[in-house]
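So the chains spell out like this:
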Amino acid sequence: MIPKQLREELLDHVASAVTPREAAVEVMRALQAFYGWLTDEAVDEAAEILSLSPLQVEELATFYEMIYRRPVGKRVIHLCDSISCWSAGAESMMAYLRKSLGIDEGGTTENGIFTLVPCACLGNCGEGPTMLIGETLYGSLTPERLDQILEEEREGVRCLDN
Amino acid sequence: MIEAARKAGIVIPHFCYHPALGSAGACRLCAMKFLEGPVKGIQMSCMIPAQDGMVVSTTDSEAVQMRSLVIEWVMLNHPHDCPVCDEGGECQLQDYTVAGGHAIRRYKGKKRTHNNQYLGENIRHEMNRCIHCYRCVRFYQDFAGGDDFGVMGRANLIYFGRKDSGVLESPFSGNLVDICPTGVFTDKPARFRARYWDYDMAPSVCPHCSLGCNTVPMARYRELLKTTARFNDKVNGWFICDKGRFGNDRVNSPERPRYPLIDGERVGWDEALEALVRRVGEVTRQYGTESIALVGSPRMSLEGNLLLGQLAACVKAGLLSYFIGAAEGEASMAASLLVGEKSRSMAEVREADCIALFNCDLLEEGPMMALAVRQAWRNGAKIFLVGVSSPELKKLPFEFSAVDLIDEVPFAGCKSPVIICGTASADISAVRKAAGAPAGVTFLFNAPNSFAAAMLAVESQSPAVSEALAGGKIKAVIAFEADIPADLPVGVELLAVADWMPTDVGRKAGIFLPVTSHLEMDGTFINNEGRAQRFKKVMNPGLPIKGLDPLLHPPRVHGKTPQGGDVRPSWQVIASLIERFGGERVAEPLDGKWAALRNLDPEGEGTRIS
Ligand code: SF4
Ligand code: SF4
Ligand code: FES
Chain C
16 MIPKQLREEL LDHVASAVTP REAAVEVMRA LQAFYGWLTD EAVDEAAEIL
66 SLSPLQVEEL ATFYEMIYRR PVGKRVIHLC DSISCWSAGA ESMMAYLRKS
116 LGIDEGGTTE NGIFTLVPCA CLGNCGEGPT MLIGETLYGS LTPERLDQIL
166 EEEREGVRCL DN
Chain B
92 MIEAARKAGI VIPHFCYHPA LGSAGACRLC AMKFLEGPVK GIQMSCMIPA
142 QDGMVVSTTD SEAVQMRSLV IEWVMLNHPH DCPVCDEGGE CQLQDYTVAG
192 GHAIRRYKGK KRTHNNQYLG ENIRHEMNRC IHCYRCVRFY QDFAGGDDFG
242 VMGRANLIYF GRKDSGVLES PFSGNLVDIC PTGVFTDKPA RFRARYWDYD
292 MAPSVCPHCS LGCNTVPMAR YRELLKTTAR FNDKVNGWFI CDKGRFGNDR
342 VNSPERPRYP LIDGERVGWD EALEALVRRV GEVTRQYGTE SIALVGSPRM
392 SLEGNLLLGQ LAACVKAGLL SYFIGAAEGE ASMAASLLVG EKSRSMAEVR
442 EADCIALFNC DLLEEGPMMA LAVRQAWRNG AKIFLVGVSS PELKKLPFEF
492 SAVDLIDEVP FAGCKSPVII CGTASADISA VRKAAGAPAG VTFLFNAPNS
542 FAAAMLAVES QSPAVSEALA GGKIKAVIAF EADIPADLPV GVELLAVADW
592 MPTDVGRKAG IFLPVTSHLE MDGTFINNEG RAQRFKKVMN PGLPIKGLDP
642 LLHPPRVHGK TPQGGDVRPS WQVIASLIER FGGERVAEPL DGKWAALRNL
692 DPEGEGTRIS
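Heads up: the protein sequence lines correspond to chains C and B, in order. If you count by this note's numbering, then the first sequence holds residues 16 to 177, one letter each, in order. If you count by this note's numbering, then the second sequence holds residues 92 to 701, one letter each, in order.
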């Protein structure tokens, strides 16, 4: 269950939205940040906060690809496989990530740090191949840059854990 | 544009468009070539409002090709297996696939597949057959206000269902079966029992409450397999409720009485009718005709109830009654008398701008009325719930304000206010109050022909049965399709019952006469609004083949009717009793002022009689 304070903050947020449904993404993101992914319990809590049915929250949760309805690693890599990135070499970036992380698309590394998913367009087409980790957008990817980014992200997780 | 073409007699193929749900532009099947006018080229006809000066072609080769490609594309993931699909033969997708000329699968890739959900005992889910037209979710959530079924995921993962497997909660869920243009939702009890061309079907009227929603019941081998909605703009629109759709068992019930009985012994019709006349004679000689009670019923057809009046005159019966309880009788009679010009149809409720719910539990007494109120509410109508609301009422599919008294509802300033008033729990003063308020009225009764029964009761000034029985004068009770209590006073010496349903009082009857259900005869019901509607015979009566002992089938007994099929409509039984009691032969039950209803079109809108 989420802490009382978070719940109240979210209820306030919903109250100030024009319609509760409008606040759904914010609420789901907050719950996801708390649990690490949008758990079944979180769907029910979101429904209650938003005065929607759990199904109606599920409709939205499964529509947005950055709402996770399954457990994910601490860092989720969204690598764009849409047409601009694909023509700039996204396929080989995906292959490189698969190899260096030792996971397939949809998989999570054993240490629980990374989850790898393809996505369709991050709006950064001019700088393909592109990926998003957390709220950071990385463009013009190369294998060398990927090594460096993965290391930085690992470092970030280590700092947080300590 | 689709509607404009329909008016001109041209059908434009479509999946996602539905007259009650509007356009979605999702399926791309309604593509036409716009040749002249403000828009040009290939366009979705459901998304373009028709205008003067437009020239549009359905047969243009580019449009035809587009539509055939859309079909092929829609069929990419759809199983090519109509012969083993229960929808086959009544499937829009199958029709348009054939029409589009898609016969050979070119796509060699894997089809996307889904797990199905358990949605209850009435509806079967087969998600692989989905073509993403969104009709189901637009109906379920937008039109009907359900919130436990919807659309999840996106792109190829899109899934129409519940969050988790489980029984669909909406009392209108069965409409998914009708509106899904393919076989994702099928009527579970009827699955794989028959193909469309096997069914016995006819235009009919729902008997499960007083609203008179229009239906097409579908039967085979004397078994009612399923019931579907039939369009009537003035009454139910396109849909029906689950009570009406899935309440099919009682017609097929093995408990149904099928043979005339005298003191529990099976006899022929002549014998039973003769015995009835003889026993009535005996009671008459001893106590006079004053002691004879004839009981009609709000669930019997208009024809039967009308002739019962003639029979009562013939035997000079002391009592002719149409209602059991005094309260129900009084409230119904008052309502039928008071409503007149103020009576509002379900169509008018859908258009109302202010609605007061007075003394009624909508989802219990007339579920489709709740759906009508929801449409008014979606269009901005204010809804008021008068009096105490029980927790059950919270499930109503619209928002409402609660007020204590009907006088608090702000009817003034509204263009088309309506009061919906139940008669089940209402006392007569509530009925008067509703009729007297400055608004249209829609009363809800408890049976499909309550309105007719009430009109006849008013004409003949009949008291309720319970009152008369309590008086102790009645010695013979002859009841047609009436739900009288089985514990009659001891003084009653003759009990004759005609019914098609197994009732306790029927089991106690000295003379029992089996009659047809409304599916096995033509007839007329008058709905809550005062609208007479004709229902047609759907199937032949008789024991359903399913359930017969295979060792005894076919029966090696020679006869002209199937086993258990020698039952007659109540009005015919009453007509032959009239003759036997010395009255005139009845050729046509609708006579006098009712003769106008003889030519009622079963596929029309019905006729308001008050
Ligand atoms: S389930 Fe049926 S009605 Fe719903 S989107 Fe799929 S094809 Fe359309
Ligand atoms: S609302 Fe009444 S008449 Fe209409 S389908 Fe339901 S039970 Fe039948
Ligand atoms: S009916 Fe027009 S796009 Fe589906």
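Please note: incorrect hints may appear among the correct ones.
[Stated by the list, open to error] Below, a sample of chain B positions facing chain C; criterion: calculated Cβ distance under 7 Å:
id, residue
1, D151
2, G236
3, D239
4, M243
5, R245
6, G257
7, R523
[Claimed, not checked] List of simulated lysine-lysine pairs, DSSO-like, C-alpha gap at most 30 Å:
id, chain 1, residue 1, chain 2, residue 2
8, B, K201, B, K279
9, B, K564, B, K279
10, B, K627, B, K637
11, C, K114, B, K202
12, B, K201, C, K114
I should point out that these hints are in silico values taken from the structure, not numbers from a laboratory. The C-beta atom is built at its ideal place from N, Cα and C for all residues, glycine as well.
Do the numbers back the hint for B/M243, that is, is its least Cβ distance to chain C under 7 Å?
Holds, because the Cβ-Cβ distance from B/M243 to chain C comes to roughly 4 Å (cut-off 7 Å).
Hint validity - B/D239 Cβ closer than 7 Å to any chain C Cβ
Since chain C brings a Cβ to about 5 Å from B/D239, closer than 7 Å, the hint holds.
Proposed interface contact between B/D151 and chain C, which counts if any beta carbon pair is under 7 Å:
violated, 31 Å
Is B/K201 within 30 Å of C/K114, Cα to Cα?
Distance ~26 Å between B/K201 and C/K114 Cα, so the pair holds.
Measuring from the C-beta of B/G236 to each C-beta in chain C, is the shortest one below 7 Å?
violated, 11 Å
Against the 30 Å threshold, does the CA-CA distance of B/K201 and B/K279 hold or violate the hint?
holds, 29 Å
Has the given pair, B/K627 with B/K637, been kept, meaning a C-alpha gap of at most 30 Å?
Judged against 30 Å, a Cα distance of about 24 Å means the pair holds.
A closest beta-carbon separation below 7 Å is what the hint needs, so does B/G257 meet it against chain C?
violated, 10 Å
30 Å limit on alpha-carbon distance, applied to hinted pair B/K564 and B/K279
Not satisfied, since the Cα-Cα distance of roughly 51 Å exceeds 30 Å.
Interface hint for B/R245, Cβ within 7 Å of any Cβ on chain C:
Where the cut-off is 7 Å and the nearest Cβ of chain C is about 5 Å from B/R245, the hint holds.
Take the C-alpha atoms of C/K114 and B/K202, compute the straight-line distance between them, and say whether it is at most 30 Å.
It holds: about 29 Å lies between the C-alpha atoms, which stays within 30 Å.
Checking hints one by one. Is B/R523 an interface residue toward chain C, by the C-beta closer than 7 Å rule?
Constraint on B/R523 not satisfied, violated at 40 Å.
Going down the numbered hints, you'll see the structure goes against 1, 2, 6, 7 and 9, while the others check out.
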